[in-house]
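> Which chain is which? The protein sequence lines are A and B, in order.
Those letters in the first sequence? Residues 15 to 361, per the working numbering, in order.
Those letters in the second sequence? Residues 139 to 490, per the working numbering, in order.
Think of the hints as simulated: they come from the structure by calculation, not from any bench.
Treat the hints with care, since some could be wrong.
[What the hints assert, rightly or not] With a straight-line cut-off of 25 Å between C-alpha atoms, the simulated BS3-like cross-links for lysine-lysine are:
| id | chain 1 | residue 1 | chain 2 | residue 2 |
| --- | --- | --- | --- | --- |
| 1 | A | K339 | B | K267 |
| 2 | A | K235 | B | K199 |
| 3 | B | K199 | B | K418 |
[What the hints assert, rightly or not] Residues on chain A that point at chain B, a partial pick, calculated with CB under 10 Å:
| id | residue |
| --- | --- |
| 4 | A82 |
| 5 | C196 |
| 6 | P197 |
| 7 | T198 |
| 8 | I231 |
| 9 | G342 |
| 10 | G358 |
[What the hints assert, rightly or not] Here are the in silico distance ranges between beta carbons for each label pair:
| id | chain 1 | residue 1 | chain 2 | residue 2 | range |
| --- | --- | --- | --- | --- | --- |
| 11 | A | K285 | B | E483 | 56 to 66 Å |
| 12 | A | H17 | B | L263 | 38 to 48 Å |
| 13 | B | Q397 | A | G23 | 21 to 31 Å |
Everything numeric in this text was worked out from a predicted model, so none of it was measured.
We put the CB at the ideal spot given by N, CA and C, even for glycine.
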Amino acid sequence: MPHANALYGPLDPAPDAGYENPPPRMGFFTDTSVCIGCKACEVACKEWNGVPESGLDLLGMSYDNTGALTANSWRHVAFVEQPRSVGWATPAFQEQPDGPSVSPLTAAVGARTGTDTGTDPGLTPGSPGAAARMSGGPEFLGMPGGQPPGRGSGAEGRTDFRWLMMSDVCKHCTHAACLDVCPTGSLFRTEFGTVVVQEDICNGCGYCISACPYGVIDQRKDDGRAWKCTLCYDRLGAGMTPACAQACPTESIQYGELDELRERAAARVAKLHEHGVPEARLYGHDPNDGVGGDGAFFLLLDEPEVYGLPPDPIVTTRDLPAMWKRAGLAALTMAVATAVAFLGGRP
Amino acid sequence: MTDATPPHEPVGARFREFQDGVDQPDGKRRGRGDGGEQLTVPPADFASYYGRPILKAPVWKYDIAGYLFAGGLAAGSALIGAGAQLTGRPGLRKVGRWTALGGVAASTYLLVHDLGRPARFHHMLRVAKVTSPMSVGTWILAAFGPLAGVAAVAELAPLLPQHGVLGLARRIAPPVGNIAGLAAAATAPALATYTGVLLADTAVPSWHDAYPSLPFVFAGSALAAASGVGLIAAPATETAPLRRLALAGAAVEFVGGHQLERQGLTSEPYTHGRSGRLVKAGRALLAVGTAAALVSRRSRVLSTISGVALVASSVATRFGVFEAGRVSALDPKYTVVPQRERLAENRSTAPL
């Protein structure tokens, strides 16, 4: 008998998948307020998991040249520059020349770049219009200036700015659309509540790639299979910390029991609010959200979409019973239409 | 990737072009003959990460759009074959059965060819999962394919000799073919409509939001395409039901498709751009084909024209819907704006 919340709502995924007395659900809490954008997590992940090279090219949109999570990048450090200071702190560049960092045109050019990540769809070019809009508005994002600060704008045009850095990763959803739609059973739920692809089973049908509401899972061109973060399933089984969390020099990536991480995250947000960072908020921590809560959740300093995360993702299979009903109705209509067409003309 | 530097371009050309833009704080572009065109900045109506897509676009190739058509055609033809069998129209029955077999064979080829690892296609048969429309579809195809095959091959019975073992086969084939034909027709509506769920059960905005309509669009399109093939290939004396069926298919597709344009922002790919043009072409061809079918009673030429239009309409609709999904996944607008609207709505209705 499936759980009442089998498709949607709060759920403990490992027992629901059939594990008896599983270990506690494990996950990541990525605190972006202490991320320094060093990309040690990206490197450690590649080293440990033997992830292939994902294109060595400058994207020209920011200091982020990975661009997106792909089959060949299981961690992705996003980098955002914005013209405002962090919290109530003294503006870092007060008294210093510091002009706008980007023009709409630069942003539009940056959005068109891509690099061969060896994966499909990999890192696709973005929408130049959307990028230009962002750089033209009050919340411009983009490549730090191509000339010394303030030269282009003059002293009166100076603004303060801040850098946002975030190490993105597979969310290991409670209700994982990739796992639900996988037709081969290649994607499975581990005893730790994480979601892993079995590479000896995957036949590269690509359904998981369209199903993921976060755009995480991706296909390697040379071998045709889908790949993503395994939350270092091999290390977890041996009681070790995943490679990225182990390598993180600032403890921005924290690994542990999900319940404990959620408590820790709530305390961290409260502390940041107290210290004058009112924009700190958690993302993916709530078991009542559209995917039943993420196994890997985040502390963000701006809206999720600024980091390339969907603001309100909902697992597509929530609507699956309604979809099958509509298909059944359409099938019935088809059968009736045929019967009427063949019998209709007869006296 | 699309932006990989072409081999003839000197090293660093792309960076210099980029630098040209950076050095012009007013956004004027130098060089490359753009004439100092000013980039007009639309209002900041949604935020994104440098305009990059949030979702991964479907990796399915046009194989899958082709499969949507071929699978629908096979299903519609199996229904026509059964209808013709039960109402005593042997010519139409033959056309329906052979088209069903051709369609399902093409479908299987296209589905296997689209896999990243075609040699592992049989891994689909490891599990049966109702949460995976692709798994459900695999099993529907596994049931439909052999039945359609037996029904079609049974049509070869008259070619067998009268006597001996083959003579026995000649006598057994028609009843076996009739049973297989009816069984194939029983699974056909599922084959034609599950593909709507296949596309809708994804995070692709324009597909997911269209889940109430897609099965009806595909059902109508399948009936229209199969009627079209029948109008082209079947004896003119037996095609009267096909004219009614084309009309019914068109009605189902128009009523279902009507909703595609009324689902807010995610309707846009169904009405604009290349995908929009394909969907519109599908509608126009469907209207022309249905009208021609209704007035074509005595004219063989007109029947053929209407059949071609109906088949072309189904192809255009399938490729249009397929392309619309890709477009909606590639632009962050279709992901962010509807989700923001949903959040604002939930916030305004949530109890305080």
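> Now, for every hint given, state plainly whether the structure supports it.
Tested hints:
1. K339(A) - K267(B): It holds: about 17 Å lies between the C-alpha atoms, which stays within 25 Å.
2. K235(A) - K199(B): 13 Å, holds
3. K199(B) - K418(B): At roughly 22 Å apart (the allowed maximum being 25 Å), K418(B) and K199(B) satisfy the hint.
4. A82: 6 Å, holds
5. C196: 6 Å, holds
6. P197: Hint holds; P197(A) Cβ to chain B Cβ min 4 Å, cut 10 Å.
7. T198: 4 Å, holds
8. I231: Where the cut-off is 10 Å and the nearest Cβ of chain B is about 7 Å from I231(A), the hint holds.
9. G342: Since the shortest Cβ distance to chain B is 8 Å, the answer is holds.
10. G358: For G358(A), the interface hint holds, since the closest Cβ of chain B sits about 6 Å away, which is under 10 Å.
11. K285(A) - E483(B): 56 to 66 Å: 32 Å, violated
12. H17(A) - L263(B): 38 to 48 Å: With a Cβ separation near 27 Å, H17(A) and L263(B) fall outside 38 to 48 Å, so the hint is violated.
13. Q397(B) - G23(A): 21 to 31 Å: Since Q397(B) and G23(A) have Cβ atoms about 28 Å apart, the given range 21 to 31 Å holds.
Of the numbered hints stated above, those contradicted by the structure are hints 11 and 12, listed in ascending order.
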